[in-house]
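**Student:** Each chain is listed here by its residues.
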Amino acid sequence: MEPIIHVENVHKHFGKVHALCGVNLDVYKGEVVVVVGPSGSGKSTLLRCINRLEEYDAGKIVVDSIPLDSAENINAVRCEVGMVFQSFNLFAHLMVMENICLAQRVVRKRSKEECRKIALDLLTKVGIPEKAKNYPAQLSGGQQQRVAIARALAMNPRIMLFDEPTSALDPEMIKEVLDVMLALANEGMTMVVVSHEMGFARAAANRVIFMDEGQIIEEGTPDKLFASPNNERTKLFLSKVLH
Amino acid sequence: MELRPKSTPTEKEPVNIPSAGPSARIDAWWWLVVLVVGLAVLLIVAKSDPFWNILLFVRDGLVVTVLVTVTAFIFTLIVGMFGGLGRLSQNRIVYGISSLYVELVRGIPLLVQLIWWYFAFPVVIQQIGRWLNISTLANYQVNAIFIAVVGLVVCYGAYMSEIYRAGIQSVPKGQVEAARSLGMSYVQTMRYVVLPQAFRVILPPVGNEFIALLKDSSLVSVVAVADMTRRGREFMATHFNPIEVWTMVALLYLVMTLFSARMVAWAEKKSRFER
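Just so you know, the sequences run in chain order A and B. Just so you know, the first sequence maps onto residues 1 to 243 in my numbering. Just so you know, the second sequence maps onto residues 1 to 275 in my numbering.
It is possible that some hints are incorrect.
Stated by the list, open to error - Listed next, the stretches of chain B that the computed footprint assigns to chain A, with coverage defined by at least 3 CB atoms under 8 Å from CB atoms of chain A: (1) 183–190; (2) 194–205.
Stated by the list, open to error - Simulated pairs of lysine-lysine, DSBU-like, Cα-Cα distance not exceeding 30 Å: (3) B:Lys173 / A:Lys125; (4) B:Lys173 / A:Lys60; (5) B:Lys173 / A:Lys16; (6) A:Lys133 / B:Lys47; (7) A:Lys112 / B:Lys270; (8) B:Lys270 / A:Lys117; (9) B:Lys215 / A:Lys112; (10) A:Lys235 / A:Lys224; (11) B:Lys269 / A:Lys133; (12) A:Lys109 / B:Lys173.
Stated by the list, open to error - Computed spacing ranges between beta-carbons, pair by pair: (13) A:Gly199 / B:Gly96: 49 to 55 Å; (14) B:Ala267 / A:His196: 43 to 49 Å; (15) B:Lys173 / A:His18: 21 to 27 Å.
FYI, nobody ran anything at the bench for these hints, they're computed from the structure. Ideal placement from N, C-alpha and C gives every residue a C-beta, glycine not left out.
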């Protein structure tokens with residue numbers, strides 16, 4: 001079977017920092033991959049390379065059989081790949097409903113009624129249909145992140161990328177976001193999640209990847225990786241984050 | 001008695017940070033309006049000759065002033081948008097051209113620019129027309145109002161570019177990333193996400209530019225545009241009453257700037273949003 005995300009020997013430099021040093025990764029349809037690792041290990045950079053928010057210096061990335069090489073292809077890939085950010089990044093000047101409708105209308109060229117219907121369905125799915133007419137600043141962090149997930153889903157992506165979706169949230173709001181993500185995983189969505197939520201990894205991940213210093217050090221099922229990691233660095237990291 | 005510096009707040013006396021709130025501004029504005037409009041009306045009623053005559057005489061100049069200002073302002077907004085985007089462009093040529101434009105224009109007095117456009121520009125066009133043997137260009141004559149608007153737009157567009165640049169830079173990078181990650185193009189991202197937010201940020205300085213432009217439009221009187229200032233000079237030339245003419249003209253400018261300031265404040269309030 002052909003992988004839906006194919007990352008081959010990708011390198012990325014930020015000035016003198018070698019952020020990604022030859023990363024290889026294949027993600028298959030329906031898989032949930034959780035990427036863990038210390039800060040600065042390149043997890044977010046890897047994720048951002050997959051939808052080309054970050055340019056990479058060398059290597060090859062193919063998403064859903066589309067190679068990331070031309071501007072046209074990049075936009076095509078971005079339509080197929082939803083992204084959820086640590087800081088939500090809802091459009092601050094638009095109401096929740098407009099946030100979810102904007103890209104549907106201008107990118108997918110859907111009619112106004114269709115956009116609104118899809119948006120309302122998704123808001124119901126993430127549990128806050130009553131917030132449609134609120135502005136982002138009027139919502140809690142957890143609600144904002146759920147709107148951000150709905151906004152990404154409205155484009156009917158085949159893949160969802162999550163860049164530390166719960167790191168900016170107060171503890172009591174983490175669960176409401178993780179529940180939405182868990183439901184999504186159970187529906188068979190292909191997901192790549194950068195997160196330190198080990199509980200989510202245990203419950204939803206098919207595979208956990210440990211990254212350090214721009215490389216994938218070790219990967220495996222959550223049970224195996226958390227219980228008996230092979231690599232010393234993995235052990236050290238997990239001893240710090242698993243309680 | 002305990003020893004404590006006088007300024008230390010206690011629980012009983014919460015610190016009151018004095019602030020010029022919106023109400024303070026409104027009051028000041030109303031006072032000024034009452035004062036200025038009252039004075040103008042008083043002068044016209046009490047001494048209709050010459051004040052009422054001045055008003056009648058400069059009336060068409062007032063229309064020209066408003067027309068020139070509003071037209072120039074609209075084009076300034078457009079030029080400023082492209083200038084601002086150019087100043088943030090990754091493309092070196094686009095960046096170079098827009099930077100050159102801004103730096104060049106900012107360094108030359110507006111009055112000199114207006115005079116150049118009115119007196120030198122047509123000659124340049126005529127020369128080119130003669131070289132290329134195109135008679136329409138060789139016989140080119142400027143329209144005073146048109147060239148005055150061009151001069152104002154070129155100058156104020158440069159200042160506006162810098163305002164746009166600051167406004168666009170004030171929109172968090174995450175907004176662009178979110179829009180791009182949804183498949184929106186650069187132009188769509190700018191149009192639907194960045195510029196609407198930037199515009200709210202730059203509204204106060206843009207409003208200031210409008211008021212400054214309104215006042216600077218009086219400079220076009222030196223390049224044969226019959227605006228309010230020029231009409232005032234014409235009236236003075238025949239009636240020899242500088243105090244009355246220029247007091248009246250000053251009051252009329254004041255009324256216009258006061259109401260413009262009010263409109264800007266209203267627009268600001270309308271478009272406010274929380275981040």
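**Student:** Give a verdict on every hint.
**Tutor:** Okay, the hints, checked on the actual structure:
Three residues within the 8 Å Cβ limit are the bar, and the segment 183–190 of chain B against chain A gives 4, so the coverage statement holds. Restraint check on the segment 194–205 of chain B versus chain A: 3 residues with Cβ-Cβ distances below 8 Å, three needed, restraint holds. Distance hint between Lys173 of chain B and Lys125 of chain A is fulfilled; the C-alpha atoms sit about 29 Å from each other, no more than 30 Å. In summary, the hint linking Lys173 of chain B to Lys60 of chain A is supported, as the alpha carbons are separated by about 26 Å, within the 30 Å threshold.
For the hint linking Lys173 of chain B to Lys16 of chain A, the alpha-carbon distance of about 23 Å falls within 30 Å, and the restraint holds. For the hint pairing Lys133 of chain A with Lys47 of chain B, the CA-to-CA distance comes to about 58 Å; that exceeds 30 Å, so the pair is violated. With a C-alpha separation of about 25 Å, the suggested pairing of Lys112 of chain A with Lys270 of chain B holds against the 30 Å cut-off. Between Lys270 of chain B and Lys117 of chain A the alpha-carbon distance is near 29 Å, which keeps this suggested pair within the 30 Å criterion.
The straight-line distance between the Cα atoms of Lys215 of chain B and Lys112 of chain A is roughly 45 Å, outside the 30 Å bound, and the hint therefore fails. Under the criterion of a C-alpha separation no larger than 30 Å, the hint pairing Lys235 of chain A with Lys224 of chain A is consistent with the structure, at around 12 Å. Between Lys269 of chain B and Lys133 of chain A the alpha-carbon distance is near 20 Å, which keeps this suggested pair within the 30 Å criterion. Our distance criterion of 30 Å between C-alpha atoms is met by Lys109 of chain A and Lys173 of chain B, whose separation comes to about 25 Å.
In this structure, Gly199 of chain A and Gly96 of chain B meet the distance hint of 49 to 55 Å, their C-beta atoms being roughly 53 Å apart. Distance hint check: the CB atoms of Ala267 of chain B and His196 of chain A are about 45 Å apart, consistent with the given range 43 to 49 Å. Distance hint check: the CB atoms of Lys173 of chain B and His18 of chain A are about 23 Å apart, consistent with the given range 21 to 27 Å.
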